[in-house]
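Peer 1: Go ahead and model the full structure; you've got the sequences and the hints to work with.
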Amino acid sequence: MNGRTNGVATYRNYDFFGLVDGLDFAIQYQGKNSNRSTKKQNGDGYALSVDYNINGFGIVGAYSKSDRTNDQVADGNGSNAELWSLAAKYDANNVYAAVMYGETRNMTPGSIDTGVADREGNTIMRDQLINETQNFEAVVQYQFDFGLRPSLGYVYSKVKISKVYLDIDMLTLTV
Numbered sequence: 032m033n034g035r036t037n038g039v040a041t042y043r044n045y046d047f048f049g050l051v052d053g054l055d056f057a058i059q060y061q062g063k064n065s066n067r068s069t070k071k072q073n074g075d076g077y078a079l080s081v082d083y084n085i086n087g088f089g090i091v092g093a094y095s096k097s098d099r100t101n102d103q104v105a106d107g108n109g110s111n112a113e114l115w116s117l118a119a120k121y122d123a124n125n126v127y128a129a130v131m132y133g134e135t136r137n138m139t140p141g142s143i144d145t146g147v148a149d150r151e152g153n154t155i156m157r158d159q160l161i162n163e164t165q166n167f168e169a170v171v172q173y174q175f176d177f178g179l180r181p182s183l184g185y186v187y188s189k190v191k192i193s194k195v196y197l198d199i200d201m202l203t204l205t206v
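Just so we're aligned, residue 32 is where the sequence shown starts under my numbering, counting upward by one.
These are calculated hints, taken from the structure and not from any lab test. Glycine included, C-beta positions come from ideal geometry on N, C-alpha and C. Just to be clear, a hint being listed does not mean it is correct.
[As the list claims (entries may be wrong)] The list that follows gives simulated cross-link-like pairs (lysine-lysine, DSSO-like), each with its CA atoms no further than 27 angstroms apart: (1) K96 <-> K63; (2) K96 <-> K120; (3) K189 <-> K71; (4) K191 <-> K63.
[What the hints assert, rightly or not] Derived Cβ-Cβ restraints for the label pairs, each shown as a range: (5) K96 <-> N125: 36 to 42 angstroms; (6) F177 <-> T36: 37 to 43 angstroms; (7) D176 <-> A128: 17 to 23 angstroms; (8) A105 <-> T154: 18 to 24 angstroms.
Peer 2: As C-alpha cells, this is what we get:
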C-alpha cells in the first residue's frame with residue numbers, strides 16, 4: 032500500500048471527529064492484486080496512519096501489513112509484507128526540517144546478483160523483494176523572502192537480503 036496502488040478503500044478523519052484540532056488518522060484496506068509481475072503483487076492487507084500537527088510541529092506514525100501472494104511466498108521469506116514508520120517535522124518561520132525512520136519487510140523491490148554470468152560476461156540479476164530495509168531520511172530547508180529555497184537532505188538505507196546487510200548512504204543538496 033505504498034506508491035501507486037489499486038483496489039484500495041480508504042477512510043480519512045480530520046481533527047479526530049472534531050474533538051482534537053490537528054489530530055488526523057486514516058485507515059485503508061487493499062484487496063489482492065496478483066495479475067502483475069511478482070514483485071508488484073500483493074495479497075489482502077490493511078494500513079493505518081495517525082498524525083498530529085500543532086503550531087508548525089508535526090509527528091506521524093504509519094503501519095501497513097499485507098498477505099504475500101503464492102508467487103511471492105515461493106522465495107522463502109515469509110507470508111507477510113509489512114511496513115512501519117515514524118516521522119517528525121517543523122514547518123514555520125521560513126524553516127522546514129523533517130526526519131523519518133521506517134522499516135519494511137518483503138516490500139521493497141530490488142535486483143539481486145546471482146553470481147552467475149551470461150555468455151558475454153554480464154552478471155545475471157534476479158528481481159525479488161528485499162527481505163528487510165531500514166530507512167532514515169532528514170531534510171532541512173530555508174525559504175528566503177525572494178523565493179529561493181535551498182534544501183539539504185540525507186538518506187540512509189540498510190537492506191538485508193538473505194541474511195546479508197548492505198549499507199547505502201546518499202546526501203543531496205538542491206537549490
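Peer 1: Could you run down the list of hints and mark each one as holding or not?
Peer 2: A quick look at each hint next to the structure:
no.	hint	result
1	K96 <-> K63	holds, 12 angstroms
2	K96 <-> K120	holds, 25 angstroms
3	K189 <-> K71	holds, 21 angstroms
4	K191 <-> K63	holds, 26 angstroms
5	K96 <-> N125: 36 to 42 angstroms	holds, 39 angstroms
6	F177 <-> T36: 37 to 43 angstroms	holds, 40 angstroms
7	D176 <-> A128: 17 to 23 angstroms	holds, 19 angstroms
8	A105 <-> T154: 18 to 24 angstroms	holds, 23 angstroms
In summary, this structure violates none of the numbered hints.
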